[in-house]
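Residue-level listing of the chains:
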Amino acid sequence: MQELEQGRSLWDDALSRLRKNKLAMISLCYLVVLIIVALITPWIAPYSYEAQDLILGATPPSSEHWLGTDSLGRDQLTRVLYGSRISLAVGFTATSVALLIGVLWGTVAGFLGGRVDAFMMRVVDILYALPFAIFIILLTVVFGRSLILLFLAIGAVEWLTMARIIRGQVLTLRHQEFVEAAVSMGLNRWQIIRRHLIPNALGPIIVYTTLTIPSVILLESFLSFLGLGIQPPQSSWGSLISSGVETMEEYPWLLIYPGLALSITLFSLNFLGDGLRDALDPRVSKD
Amino acid sequence: MAILEVKNLSVSFYTRDGETQAVQDVSFSLEAGEILGIVGESGSGKSVTCYSMLGLVPMPPGKIVNGQALYHGQDLLTMDEKSLRDIRGKKISMIFQDPMTSLNPYMRIGKQIMEAVQIHEKVSKKEARERAISALREVGIVDAEKRVDAYPHEFSGGMRQRVMIAMALATEPEILIADEPTTALDVTIQKQILDLLKSIQAKRDLTIIFITHDLAVIKSLANHVVVMQKGKIMEEGEAQQVFNQPQHDYTKKLLAAIPTTAKSFPSKVTESTPVLLDVHNLHTTFTKYSGIFFKKIEQEVKAVNDISLSIKQGEILGLVGESGSGKSTFGRSIIRLIESQSGDVLLNGVDLTKLNAVELKTARRDFQMIFQDPYASLNPRMTVFDTLAEPLLTHKLATRQDVGHQVNQLMDDVGLERKHLRKYPHEFSGGQRQRIAIARALALKPKLIIADEPVSALDVTIQAQVLKLLLELTDKHNLTMLFISHDLSVVRFLCDRVAVMQHGVLVELDETETLFNNPQHSYTQKLLSAIPALN
Chain A
43 MQELEQGRSL WDDALSRLRK NKLAMISLCY LVVLIIVALI TPWIAPYSYE
93 AQDLILGATP PSSEHWLGTD SLGRDQLTRV LYGSRISLAV GFTATSVALL
143 IGVLWGTVAG FLGGRVDAFM MRVVDILYAL PFAIFIILLT VVFGRSLILL
193 FLAIGAVEWL TMARIIRGQV LTLRHQEFVE AAVSMGLNRW QIIRRHLIPN
243 ALGPIIVYTT LTIPSVILLE SFLSFLGLGI QPPQSSWGSL ISSGVETMEE
293 YPWLLIYPGL ALSITLFSLN FLGDGLRDAL DPRVSKD
Chain B
4 MAILEVKNLS VSFYTRDGET QAVQDVSFSL EAGEILGIVG ESGSGKSVTC
54 YSMLGLVPMP PGKIVNGQAL YHGQDLLTMD EKSLRDIRGK KISMIFQDPM
104 TSLNPYMRIG KQIMEAVQIH EKVSKKEARE RAISALREVG IVDAEKRVDA
154 YPHEFSGGMR QRVMIAMALA TEPEILIADE PTTALDVTIQ KQILDLLKSI
204 QAKRDLTIIF ITHDLAVIKS LANHVVVMQK GKIMEEGEAQ QVFNQPQHDY
254 TKKLLAAIPT TAKSFPSKVT ESTPVLLDVH NLHTTFTKYS GIFFKKIEQE
304 VKAVNDISLS IKQGEILGLV GESGSGKSTF GRSIIRLIES QSGDVLLNGV
354 DLTKLNAVEL KTARRDFQMI FQDPYASLNP RMTVFDTLAE PLLTHKLATR
404 QDVGHQVNQL MDDVGLERKH LRKYPHEFSG GQRQRIAIAR ALALKPKLII
454 ADEPVSALDV TIQAQVLKLL LELTDKHNLT MLFISHDLSV VRFLCDRVAV
504 MQHGVLVELD ETETLFNNPQ HSYTQKLLSA IPALN
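Protein chains in written order, with my numbering: chain A, 43 to 329; chain B, 4 to 538.
Same shape as in the complex, but just chain A:
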C-alpha cells in the first residue's frame, strides 16, 4: 500500500540542501572543531595562560612555542586557545541575544503597525542615540564588572539594527496576499508571525547575523581596552589583536596568528551563512 505523502518542514529540506553545499559543510565542520577545541582548552593547552617567562621574552615560533611568545614570555598558542573561549562565547551569546530581541521587536512593530510601531521604533531611535560607551560604563557602575553583563550589554545594543531591518522586511510582507489568506483562514497573530512572516524574512536575518558576530567579537576588544571586558592575563582574540598591533613591527607573529584565527572563523561564518540562506530559500534551485 502506498504511504500517504507527509509534509516535511522547511528545515528538513534546508538541511538536505545544505549537505550538498561543500563550502558550507567545510565551514560548518571547522566551526564545530573550533568550538570543541575551545571547550577542552584547559586540558590541551601546552602551558598555563598565566605562566610568564620574563627571561625568554618575545620569541618567534619555535618547536617549544609553536606560535611564539609575547614580550612577557607567555605562550602565544595558549593565549589564542584561551582567547577563542571568550571570543566565541561573546560572539554567539551576544548575537543570540541581539537576534532574539531584534527579530521579535522588528516583527511585532512591523506587523502591528500604527501607533504601536511608531512607539516601538522611537524606543529604538532613542537607544541608538545613546552613546554606546556611556551606556556600558553606566551598566558596569550599577551592576559591577562581569562577563555575563558584558554579553548582555553588547547584545542589547546590537539588536537595534536587526530590529530595523526586520521591520522593513515585515512591512513589505505584511500586505502580501498570502498573509491576508492566513488572516482569512483564522490564524492568530502569533501563528502568522511564526509561520508566515519570520520564515520569509530569513534571508536578511541570516546575512545580518553573520555580519553581527564579527563586529561583536571586535567590540569586546574595544570594551576590554576601556577596562570593562576581560583583563590580562586572560585573553580574547580581540585583545590579542589590539595588543599585537602595537608591536606589529618588532613581533609580527603576535598579530598574525590571532588575526588568522579570527579571519578564518569569519570566513567560515560567512560561507555557512550564505549556504544557509540559499538552503532556506526553496526558490534558489532545484537539486
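Please keep in mind that the hints were generated in silico from the structure rather than gathered at the bench. Misleading hints may appear alongside valid ones.
Stated by the list, open to error - Computed cross-link-like contacts, EDC-like style, restricted to lysine to aspartate or glutamate with a CA-CA straight-line distance of at most 16 Å: (1) A:K62 <-> A:D320; (2) B:K256 <-> B:E303; (3) B:K129 <-> B:E118; (4) B:K479 <-> B:D376; (5) B:K364 <-> A:E222; (6) B:K233 <-> B:E514; (7) B:K271 <-> B:D28; (8) B:K201 <-> B:E141; (9) B:K426 <-> A:D323; (10) B:K426 <-> A:D54; (11) B:K426 <-> A:E222; (12) B:K10 <-> B:D28.
Fit chain B to the given chain A structure using the hints.
Just chain B, lined up with the frame of chain A:
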C-alpha cells in the same frame, strides 16, 4: 516592399537547467503601414521575438542561435551596437505593458520625451520641447502645454500609457512595437487606447507590431496575425482568415477558450432558496491621516458607499467594476479583512460585523477567499502539503497524524496529482498554483467563497480550465460565491446574477442575461460596449 523581414529566427536561453528554446525558426514579414498582431500565451516567445530584434534580450543567458531580421535590407541581428542604437528608439520604438513602471517617477514627463528626441537628433531644447508638446497633443492629452511639466504620478494609468505612446512617437519612428499595451488597463480605457493607436496609425501611416495574449483585442486592430505557441509559429495569415477559418488546432483551441456564451447549466436557485448572505448599508471609508500621534484627518475616500445586496444559497453573484470602483474592498469588508465603518453583514443570520476576535476566528471557517495573484497568495516557503494542512490544523479539524488523508482529498478535488504535495509553490505553473489556492479555500468546507479576480492573472486556455473547475466545485459542494472581476465575459459565463459597482456605489444589479441584454444604467452600457468582441 517589406519594411521588416524576419527569417528563421531562433533564440535560446542557457541556464543551469539546460537550454530553453524560446523562439524556434520564426519567419514573418512586415509591410509598410500594416498592423501585425502576434498572439500567444505566456512563454510562447512572442515578446522574445521582438526584443531580440532590437538587441534587448540579455545575453547571456540568451543567445541568437540562427536567423536574420532585415530592416530595409540591413540585418539588425549582426549590426554593431552603435548603429543599432540609432535605429532603436528612433526608427523602431516600443511601448511596454505596464505604464506604472515604465516611466521614471522622478522626471517630468516632458523631460522624458525630450530626452528621447535629443538622444537621436541634434535639436535645440526649445524645439525638443515643442516636439514633446505636439506629441502629447497628438495622443489626446488635454492642456498639453501645462501637462508637459507634470510628473508621472499626476496621471492615471490610461493617461500614462498615452504619455508612453507620445514618447514613442516623438522621434517619428517607422515601426512601433507595442508589447501588451492594454493588458494592465481597464476595459473602457483599453478601448480608448486601441482607438488612439488606430487613428495614429492611419494618420501617420505607421507600421505596428502588436503583441498580445488577447485575441479579441487584436481582432479589431490587426490586418495580419501570427499565432505562436512554445516558440513556434502555429498559424499565420490575414486577420479575417485566422479568425473566421482557423486552420491550426491551437488557434481553434485559443478561440474556443474565450468565454462568449451565457452560463451553460441552469442555476439551482429558485424563489424559495434561503438567503445565505445579507448585506445592509455597508460603508467602508479610508481615511488619510497626517501625523502619527496627533492625527489630523486629511482626506476621506468612500470605497464602499452604502451597499446592500443579498446572495442566496448556492448562487454565484458576479461583482464587476473598474479598478478603484471599490469591488475588492467590498469583498474584503464582508469577511472583515478590512473593517467597515457601519452596516450589517448577516451570514446565516449571524452579524459578522458584531463578532469579537475569538468568535470571528471560529466563524472564519464558514467563509474563505480566493485571491487574484496565485504567485503572491501562497507562502513561498511552505510546501503544498503544509499550505493545505494549515487551515485544517488551525481549526482542529484534523490532527498531525490524520491530516494527510484530507489533504489528499483536496488535491483530488482540484485535479492535482498527489505526488506534487512535497513541492513548493514556485515549482508550479500559474494555473496549478491557482488550483492550490482554491484547494486551500475549500479545506474548511466553507459556505461562502469570495473570489477576487481569480482568473485574471491566467492565460486564456488555463482560465477556461479554472472556470470549469470553479463551476464543478460550486455544484459538488453546494458553494455560494461572490465572484469579483473586471472581465465581463467571464462573469457572464459563470454568474447567476451580476452587480455593477462604480466609485463605491452599486449602480445596477440584475439577472445576468437581463443585464447583458438590456443594461439600464449608463455606466453598465458603457462597460458593455467597451468589451472587444470576437464575433
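The hints, checked one at a time:
no.: 1; hint: A:K62 <-> A:D320; result: 11 Å, holds
no.: 2; hint: B:K256 <-> B:E303; result: 47 Å, violated
no.: 3; hint: B:K129 <-> B:E118; result: 12 Å, holds
no.: 4; hint: B:K479 <-> B:D376; result: 25 Å, violated
no.: 5; hint: B:K364 <-> A:E222; result: 14 Å, holds
no.: 6; hint: B:K233 <-> B:E514; result: 40 Å, violated
no.: 7; hint: B:K271 <-> B:D28; result: 51 Å, violated
no.: 8; hint: B:K201 <-> B:E141; result: 13 Å, holds
no.: 9; hint: B:K426 <-> A:D323; result: 13 Å, holds
no.: 10; hint: B:K426 <-> A:D54; result: 13 Å, holds
no.: 11; hint: B:K426 <-> A:E222; result: 22 Å, violated
no.: 12; hint: B:K10 <-> B:D28; result: 8 Å, holds
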